[in-house]
Amino acid sequence: MTHTAPHYKRQLPAILAFLLLFCAFSCIRKNIKKEEAQDKPTEQPKTAAAATSAPASTTINQVNVFLEVSGSMKGFMPTNKANGITEFQQTIDPLLATIQQSNTIQDKAYFEVREKPYPIDYNRLAQTVRYGIQQAASSTTIPAILDSVITNNPDGVNILISDFIYSPENGRAISFVSTDIYRVLAKAKQQGQAISIFGATSSFNGTFYPAVKSTQKTIVKCCDSPIPYYVWVIGKPEQVQLFNREVVKNTFPEEVHAGFTFAAPAYSVLDKFLPAGAWYCASNSNNCHEVAVSDLQSPLEIIVGVNLASLPAAFQSETYLKQNLKLAADNTDAKITNIYPAAQFKTQAGVAGKNTDPLKPYTHFVKLRMSKLTAPQTDLHFSLANQRPAWVTQWTTLDDSQINEEGAKTFNLAGILDGVERAFGAGANNSIFDVIINLRKEK
Amino acid sequence: MLPGFFRFIYELFISAPQPPQTRPTFWNEIFPTVGLVNIVVSLLLMLIFYYLINHVLPVAFFKKAWHWALFMILSAGINLWFALYYCGIKDLEQNSYIWSFAMVNALYGALFYIIFSFLFRRWSRGASTTPVKF
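Just so you know, the sequences run in chain order U and H. So the first sequence is numbered by the numbering used here: it starts at 1 and just counts up by one. So the second sequence is numbered by the numbering used here: it starts at 1001 and just counts up by one.
Hints were generated in silico from the structure; no laboratory data involved. Bear in mind that the values here come from a model prediction, so they are computed numbers and not experimental data. A few of these clues could be false.
[Stated by the list, open to error] Straight-line C-alpha distance at most 20 Å; calculated EDC-like pairs for lysine to aspartate or glutamate:
no., chain 1, residue 1, chain 2, residue 2
1, U, 217, U, 379
2, U, 443, H, 1029
3, U, 360, H, 1011
4, H, 1090, U, 318
5, U, 443, H, 1011
6, U, 272, H, 1093
7, U, 189, U, 121
8, U, 354, H, 1011
9, U, 372, U, 330
10, U, 367, U, 318
11, U, 346, U, 330
12, U, 108, U, 155
13, U, 272, H, 1091
14, U, 272, H, 1029
15, U, 354, H, 1093
[What the hints assert, rightly or not] To give an idea of the chain U side of the interface with chain H (calculated C-beta under 7 Å), a few residues:
no., residue
16, 275
17, 278
18, 279
19, 280
20, 294
21, 406
[Stated by the list, open to error] If you only want the chain H side, here are some residues facing chain U, beta carbon under 10 Å, derived:
no., residue
22, 1019
23, 1022
24, 1055
Note that beta-carbon positions come from the ideal geometry of N, C-alpha and C, so glycine has one too.
From just these sequences and the hints, can you work out the full model?
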């Protein structure tokens, strides 16, 4: 007995050491489990949000197509077959066919807009588009047409095809144009509708009716230059988006949108591609929205991937992004130095030859550079301004009485767009999205 | 706490991980895992040397200082290999930092083996005075 007690005491430190190691090991396991548990709830809402932001509706109940058939439209749809068909006919005929055959759209209705909209069946309308307007209607003012279009089918999608040449009856005050358009569309906005305007030009083979009738009321045997025409798509935002995606696609070269709210795009800092300087991702989740800066001895370069696939094509163009994607942040000189579309980014030196799987979720890559951070932390705001596209100004004229010299322009198009933007509260101050990357100094 | 400890002991000898973008991976995954494996491996080798070979098994000849040093080198070697292997698993490209980290890990492999040896050798029946008697 006297021998065993000291032997037991001598073993004590060893047992203690074992216990300590065992504790340490089990602690680590617990920590890992905890981290996993913490990660999961933060990721789950994200996937849920992604699921809800995906368009829930896959069908459109009702599409009404309104084709203006006044005398001014006759040049797009001439009856004489000598000169071949116009671009208007080449574009609108297949578009109407796509609408008629679409499985996405449940009910389709077609109207000819004379002094008011008259229902017509698809075949008759296609005949008009193909073989010309037999009996031109007296023209209707744009606000009146818009008004009846909006009130007729507020829950579906309305398509209005017109040249949108509009001068108020008192032609002297062009600012009335924007007010008139605003008054009509304010109603659409109240009903929760949004609007997409697509523009294209077409050869014109007939009588042109200028809005400004100072020199002549009509220009016969017009025109030497192409004439613009427009397709307005009005309806509930998600349905218009669906329609644009499924039916319109890339039919028209120009487009402008108002009244949409876009879901914030998925984005992430990509630390494995072209990094420069001492920084690293400080987020725990897969999407890196936080960057820690170790030091600023050399300027930092960071690549951010963004997924803009859900935005209209116009907002995705490289030129639009380069002009309108803005980076705002306090206490830092961070700047966007380049924007690459995905295909271009994958061919960059340092990216090509790497595993590009992490790039797959993103459509564009933004490179930013900074050399200063004067606060412990700051937020980098990336916002895309909803800027009126340049083509609107280019296609605007305030005097279309000499349309052959003016070229492919529409009377006071900018004024019409002013009214649209006023109604929907869109404009330069309105950003399409605003996403944040948090930047902080390493503790 | 443990990631902090391992980060501390590794960064005693080497700089913060390079390239900087790999720092979270090193700090949160590689240092703790590799460090823990290091401790387990050197403990295991110590147990094999003192308690399997020189206690349970009736081996009387494998208790010289250089036998013990052989196991120390084995511990360093295994830990060098494991550090490189684990960085490979984590999709890191081979660079000089990973090699210096592996070397430091080998050093700690030897060091932990030595520490465990002196802590636990006294209950070994055959090698309680290996490598040196004092």
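> Of the hints stated earlier, which fail here?
Replying inline: 1, 3, 4, 7, 8, 11, 21 and 24
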